[in-house]
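Asker: For reference, the chains in residue letters:
There are 2 protein chains.
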Amino acid sequence: MSPAAQGADPAEGRKLAAQCKTCHGLDGIAKIPIAPNLAGESQMYIEKQLKAFRSGKREHEMMSLVARNLTDQQISDLAAWYQSIEINAKMPE
Amino acid sequence: MSPAAQGADPAEGRKLAAQCKTCHGLDGIAKIPIAPNLAGESQMYIEKQLKAFRSGKREHEMMSLVARNLTDQQISDLAAWYQSIEINAKMPE
Numbered sequence: 001m002s003p004a005a006q007g008a009d010p011a012e013g014r015k016l017a018a019q020c021k022t023c024h025g026l027d028g029i030a031k032i033p034i035a036p037n038l039a040g041e042s043q044m045y046i047e048k049q050l051k052a053f054r055s056g057k058r059e060h061e062m063m064s065l066v067a068r069n070l071t072d073q074q075i076s077d078l079a080a081w082y083q084s085i086e087i088n089a090k091m092p093e
Numbered sequence: 001m002s003p004a005a006q007g008a009d010p011a012e013g014r015k016l017a018a019q020c021k022t023c024h025g026l027d028g029i030a031k032i033p034i035a036p037n038l039a040g041e042s043q044m045y046i047e048k049q050l051k052a053f054r055s056g057k058r059e060h061e062m063m064s065l066v067a068r069n070l071t072d073q074q075i076s077d078l079a080a081w082y083q084s085i086e087i088n089a090k091m092p093e
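Line order of the protein sequences matches chains U and C. Take the first sequence: its letters are residues 1 to 93, numbered as in the numbering used here. Take the second sequence: its letters are residues 1 to 93, numbered as in the numbering used here.
Read the hints as simulated data drawn from the structure, not as lab findings. Be careful, since some hints might not be right.
Intra- or inter-copy, both count: the list cannot distinguish identical chains.
Stated by the list, open to error - 30 Å max Cα-Cα, derived DSBU-like pairs, lysine-lysine: (1) Lys21 to Lys57; (2) Lys15 to Lys57; (3) Lys51 to Lys31.
With the sequences and hints as input, model every part of the structure.
Answerer: Right under this line is the structure:
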């Protein structure tokens, strides 16, 4: 698991993630099937998706609203939080 | 973890996922930071994203190519495979 990018604060991200947990879970395991898991996602990937929702390059009725007012710092902190969550996967036999 | 949707075959999806594993890993834990983890994602979410890449509603230089020729059945099988992978997450203290 890579460390948070320069200037990103996972602890701050954890606070911000309170607004995300209804769909994505605070631990990043999605609570509803239309939402993706975010646990252990790379900071780079999450930042790219949040910025795409913010700019409109990617659209979703909920995420476009959520991302609209996020600052770059908030996006980095949220991404650092989800990246900091350790996940492991067990494939079926 | 919900069972595979009607008609979707995770075993077939596992075979298909051989073409996805370079970036996403066969177990769905991404191997490169620009790719998301797919392990344990809901079938609904993965189907929606693959169909969006196939239709052009969502764009990515790699995924738009990969999804272009996938059939609905292949999409369901791939989604069922990744949904069948068990994940758990451990938040930092």
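Asker: So which hints don't hold here, by number, going up?
Answerer: No hint contradicted; all consistent.
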